[in-house]
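Q: The lines below spell out each chain.
Protein chains: 4
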Amino acid sequence: MKILVTGFDPFGGELVNPAIETVKRLRDNISGAEIIKLEIPTVCHKSLRIIEEAVVKYDPDVVLSIGQAGGRPDITIERVGINVDDCRIPDNEGNQIIDEPVYPDGPAAYFVTIPIKAMVQRIQSRGIPASISNTAGTFVCNHVTYGVCHMLAAKYPGKRSGFIHIPFLPQQVIDKKNMPSMSQDVLVEGIEAAIEAIVDTPTDIKVMGGATH
Amino acid sequence: MKILVTGFDPFGGELVNPAIETVKRLRDNISGAEIIKLEIPTVCHKSLRIIEEAVVKYDPDVVLSIGQAGGRPDITIERVGINVDDCRIPDNEGNQIIDEPVYPDGPAAYFVTIPIKAMVQRIQSRGIPASISNTAGTFVCNHVTYGVCHMLAAKYPGKRSGFIHIPFLPQQVIDKKNMPSMSQDVLVEGIEAAIEAIVDTPTDIKVMGGATH
Amino acid sequence: MKILVTGFDPFGGELVNPAIETVKRLRDNISGAEIIKLEIPTVCHKSLRIIEEAVVKYDPDVVLSIGQAGGRPDITIERVGINVDDCRIPDNEGNQIIDEPVYPDGPAAYFVTIPIKAMVQRIQSRGIPASISNTAGTFVCNHVTYGVCHMLAAKYPGKRSGFIHIPFLPQQVIDKKNMPSMSQDVLVEGIEAAIEAIVDTPTDIKVMGGATH
Amino acid sequence: MKILVTGFDPFGGELVNPAIETVKRLRDNISGAEIIKLEIPTVCHKSLRIIEEAVVKYDPDVVLSIGQAGGRPDITIERVGINVDDCRIPDNEGNQIIDEPVYPDGPAAYFVTIPIKAMVQRIQSRGIPASISNTAGTFVCNHVTYGVCHMLAAKYPGKRSGFIHIPFLPQQVIDKKNMPSMSQDVLVEGIEAAIEAIVDTPTDIKVMGGATH
Numbered sequence: 019m020k021i022l023v024t025g026f027d028p029f030g031g032e033l034v035n036p037a038i039e040t041v042k043r044l045r046d047n048i049s050g051a052e053i054i055k056l057e058i059p060t061v062c063h064k065s066l067r068i069i070e071e072a073v074v075k076y077d078p079d080v081v082l083s084i085g086q087a088g089g090r091p092d093i094t095i096e097r098v099g100i101n102v103d104d105c106r107i108p109d110n111e112g113n114q115i116i117d118e119p120v121y122p123d124g125p126a127a128y129f130v131t132i133p134i135k136a137m138v139q140r141i142q143s144r145g146i147p148a149s150i151s152n153t154a155g156t157f158v159c160n161h162v163t164y165g166v167c168h169m170l171a172a173k174y175p176g177k178r179s180g181f182i183h184i185p186f187l188p189q190q191v192i193d194k195k196n197m198p199s200m201s202q203d204v205l206v207e208g209i210e211a212a213i214e215a216i217v218d219t220p221t222d223i224k225v226m227g228g229a230t231h
Numbered sequence: 019m020k021i022l023v024t025g026f027d028p029f030g031g032e033l034v035n036p037a038i039e040t041v042k043r044l045r046d047n048i049s050g051a052e053i054i055k056l057e058i059p060t061v062c063h064k065s066l067r068i069i070e071e072a073v074v075k076y077d078p079d080v081v082l083s084i085g086q087a088g089g090r091p092d093i094t095i096e097r098v099g100i101n102v103d104d105c106r107i108p109d110n111e112g113n114q115i116i117d118e119p120v121y122p123d124g125p126a127a128y129f130v131t132i133p134i135k136a137m138v139q140r141i142q143s144r145g146i147p148a149s150i151s152n153t154a155g156t157f158v159c160n161h162v163t164y165g166v167c168h169m170l171a172a173k174y175p176g177k178r179s180g181f182i183h184i185p186f187l188p189q190q191v192i193d194k195k196n197m198p199s200m201s202q203d204v205l206v207e208g209i210e211a212a213i214e215a216i217v218d219t220p221t222d223i224k225v226m227g228g229a230t231h
Numbered sequence: 019m020k021i022l023v024t025g026f027d028p029f030g031g032e033l034v035n036p037a038i039e040t041v042k043r044l045r046d047n048i049s050g051a052e053i054i055k056l057e058i059p060t061v062c063h064k065s066l067r068i069i070e071e072a073v074v075k076y077d078p079d080v081v082l083s084i085g086q087a088g089g090r091p092d093i094t095i096e097r098v099g100i101n102v103d104d105c106r107i108p109d110n111e112g113n114q115i116i117d118e119p120v121y122p123d124g125p126a127a128y129f130v131t132i133p134i135k136a137m138v139q140r141i142q143s144r145g146i147p148a149s150i151s152n153t154a155g156t157f158v159c160n161h162v163t164y165g166v167c168h169m170l171a172a173k174y175p176g177k178r179s180g181f182i183h184i185p186f187l188p189q190q191v192i193d194k195k196n197m198p199s200m201s202q203d204v205l206v207e208g209i210e211a212a213i214e215a216i217v218d219t220p221t222d223i224k225v226m227g228g229a230t231h
Numbered sequence: 019m020k021i022l023v024t025g026f027d028p029f030g031g032e033l034v035n036p037a038i039e040t041v042k043r044l045r046d047n048i049s050g051a052e053i054i055k056l057e058i059p060t061v062c063h064k065s066l067r068i069i070e071e072a073v074v075k076y077d078p079d080v081v082l083s084i085g086q087a088g089g090r091p092d093i094t095i096e097r098v099g100i101n102v103d104d105c106r107i108p109d110n111e112g113n114q115i116i117d118e119p120v121y122p123d124g125p126a127a128y129f130v131t132i133p134i135k136a137m138v139q140r141i142q143s144r145g146i147p148a149s150i151s152n153t154a155g156t157f158v159c160n161h162v163t164y165g166v167c168h169m170l171a172a173k174y175p176g177k178r179s180g181f182i183h184i185p186f187l188p189q190q191v192i193d194k195k196n197m198p199s200m201s202q203d204v205l206v207e208g209i210e211a212a213i214e215a216i217v218d219t220p221t222d223i224k225v226m227g228g229a230t231h
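Chains as they are written, first to last, in the numbering used here: chain W, 19 to 231; chain Z, 19 to 231; chain Y, 19 to 231; chain B, 19 to 231.
If you are wondering where the hints come from, they were derived from the structure by calculation, not from laboratory data. Misleading hints may appear alongside valid ones.
Copies of the same chain look alike in the list, so a pair counts if it fits in one copy or across any two.
Keeping only pairs whose Cα atoms sit at most 27 Å apart, straight-line, the calculated BS3-like set for lysine-lysine is [what the hints assert, rightly or not]:
1) 64 x 177
2) 20 x 42
3) 195 x 135
4) 64 x 195
5) 195 x 20
6) 75 x 20
7) 64 x 42
8) 135 x 194
9) 20 x 173
10) 75 x 55
11) 177 x 20
12) 42 x 177
13) 135 x 55
14) 173 x 195
Note that the coordinates shown come from a computational prediction; the quantities given were computed from them, not determined experimentally.
Chain W with its partners taken away, still in its complex shape:
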């Protein structure tokens, strides 16, 4: 199996993004799967173009994207991406899309096609807190969650995708009040556990709205 793992660059005034920092530190081979690492910009549409180039180039079985969810205390596996961009802040190229669909011709949502509950359980089995999230927001993280699902469904059938949100790193919350964080080592171990669950879980146990749970 080949898994393309993407991580965003820093945004929103942060100097680092735990997403790309964590992706960089992943082992190159997890449970027998080859891990391909890709930094993507926190920019609507451009992020999807760069992912598509890598899909064409590397032909991965799974696209797993990682993003920062400042304020969440645990690793959250997203269940669904919705067809809307409604950005609270501008993206890294200064565009702030309000209430536009990601793809005008796309359906309202896609359930991700990775085994979200097996991933939560595997992360927890390492002593690391994790849970299912039912919203990836309406910024670039949801844009990628939805956008990759749509891209694969429309043009690269048989490939699967999903999204994981991770907390701030400890150093990011020093000047923030009452904000949870998770250390780099724990993040890497948690994401590697999640990837193991993707590798180990049969893909056809249950299909719902296009999703394998």
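Guided by the hints, dock chains Z, Y and B onto chain W, whose structure is given.
A: Here is chains Z, Y and B on its own, set in the frame of chain W:
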């Protein structure tokens, strides 16, 4: 205009549900619209059957459902319902559905068809905190958010629907630690403001994935 | 019984302070006690001088001060004031005292001398959330909590005092994210209930470190 | 310099206590100071007796106690201990003291005598979130914060003491909803940084209510 406003009965060990308490106290006519009030059980599918009976009986233009979101500090207007039941607790008839679609033949999600941003602004203009929510969870509230959208799209075209989550009442949080609440008077004023926005907002300003924003 | 009830003016960029707004709306006679209402500035030392002038002028039995604790979801009765000013922001005259004692010759702390648990219970009995707080912070609210205790102990023996923190009003949190609030009516009812408990509770049931609980 | 560092055993249904787990893993010599490690029971008064035995036996210059503050996201250095036991749950010997003084003849409070702000800064300089706390609660943690200060002031003059609260470990929050945690490695590094600040900070820069800040 005729608006069917539904409120759930108490669940999860609570003695009251601010949803039905608020619905009961709404004016019968808001901005010229006739308000029809309906208590629904916190039960998957049965709630939808009772709503459908009322849709047939009263022929409303809009179905607006109200539910309790314990822990949220403000009135939240839901943006989307997703096609999954994944219940943390049993419903009021003891059924705890895990990872089943609401409707097996339905799409992954529906955007609600009420003017969510105009509703937030109208509530805020009364000095009452409100915001958009991007998840109604995966319990009976989402079940109704999604289910009514699907029912109307499939069988009653031209009718619109949406969902509002409201905080606990003050008396519900007395024995809970560090939990926000909102008083009954403020809830009624907030929901009435939201309904005014539904009445006053043209329905065809913008359509996205079936949604009017 | 005569009770002097003080409320701060707005600070920290807020347009209103729920403290003085609530004090203004209190009944003039609660359970037979005469209520004297006093607005005080959010300024270290000056606030205490103005309270002392009122103590001399009105000869109250109890001084009860009310302050805003933005972010807290319930009415909190403070247990203790500590002998330190350590201000996160400047007060309303631009002074930002860092790590100075309120009174250099004072003890480390005073327990308040009002019946904090009876007050919590009375507020809760009205269906309004309330709890004991073990810190009034280190800004002007603690300054007044400690300072009035010290003033009374040193110069006006037999008089009692205490402090109640109240949440933001709903209109204050409209532009704040995920922030609890409490409506004006509930605040007035809660504070009146607290005052009833002060009036009704015998003052010598238990003394600890100078406190009656 | 010799520093006695104490850590509590598990309480409140937890299987581990990050306090003693962290204390066990500290280096035996930090910045030239000898570190003496002591497990103490989460029991009122007994905890203080065991600390006093160690004070007599080892003659430390500083007593630094570590405790778990479940729910806090960062390392918090306590500013003050107050003369009250008011326990929400029973201690580990089943006693639940309500509204009793720790020492009936003690003052209302003690400011700790360790350099709390230098400690916060040193921890933060390692990229680890930390802040001052103004309340250690009213359970065994405050009991020890206050009790050790009183013991040293009354019987062992010249010795100093203080208290640090630390978050849950990641494995403790797996079955808790929306709860922050901090990894074992980060906790050890943070507490070692705090101890370095104690060693490196002159003890007489400023005295307030008996505290050196």
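Q: Confirm or reject each hint.
A: We went through each hint and held it up to the structure:
Taking the shortest alpha-carbon separations for residue 64 and residue 177, only the intra-copy value of 20 Å comes in at or below 27 Å, while the best inter-copy value is 37 Å. Taking identical chains as interchangeable, the C-alpha atoms of residue 20 and residue 42 lie at most 27 Å apart only when both belong to the same chain, with a minimum of 16 Å there against 42 Å between chains. In this assembly of identical chains, the alpha carbons of residue 195 and residue 135 lie at most 27 Å apart only when taken from different copies (16 Å versus 32 Å within one copy). Proximity of residue 64 and residue 195 under a CA criterion of 27 Å is satisfied in neither setting, with 33 Å inside one chain copy and 29 Å between copies.
Proximity of residue 195 and residue 20 under a CA criterion of 27 Å is satisfied in neither setting, with 40 Å inside one chain copy and 33 Å between copies. Taking the shortest Cα distances, residue 75 and residue 20 sit within 27 Å of each other inside one copy (12 Å), while across copies they are farther apart (56 Å). In this homomeric assembly, residue 64 and residue 42 come within 27 Å of each other (Cα to Cα) only inside a single copy, at 21 Å, whereas the closest approach across copies is 50 Å. In this homomeric assembly, residue 135 and residue 194 come within 27 Å of each other (Cα to Cα) only across copies, at 17 Å, whereas the closest approach inside a single copy is 31 Å.
Taking the shortest alpha-carbon separations for residue 20 and residue 173, only the intra-copy value of 18 Å comes in at or below 27 Å, while the best inter-copy value is 44 Å. In this assembly of identical chains, residue 75 and residue 55 lie within 27 Å of each other by CA distance solely inside one copy; the values are 13 Å within and 57 Å between copies. With identical chains, the CA atoms of residue 177 and residue 20 are at most 27 Å apart within one copy only, with a shortest distance of 10 Å there and 47 Å across copies. In this homomeric assembly, residue 42 and residue 177 come within 27 Å of each other (Cα to Cα) only inside a single copy, at 23 Å, whereas the closest approach across copies is 48 Å.
In the homo-oligomer, the alpha carbons of residue 135 and residue 55 lie at most 27 Å apart inside one protomer (24 Å), although the nearest pairing across protomers, at 39 Å, exceeds that limit. In this assembly of identical chains, residue 173 and residue 195 lie within 27 Å of each other by CA distance neither inside one copy nor across copies; the values are 45 Å within and 39 Å between.
In terms of the numbered hints stated before, the structure departs from hints 4, 5, 14, listed from lowest to highest.
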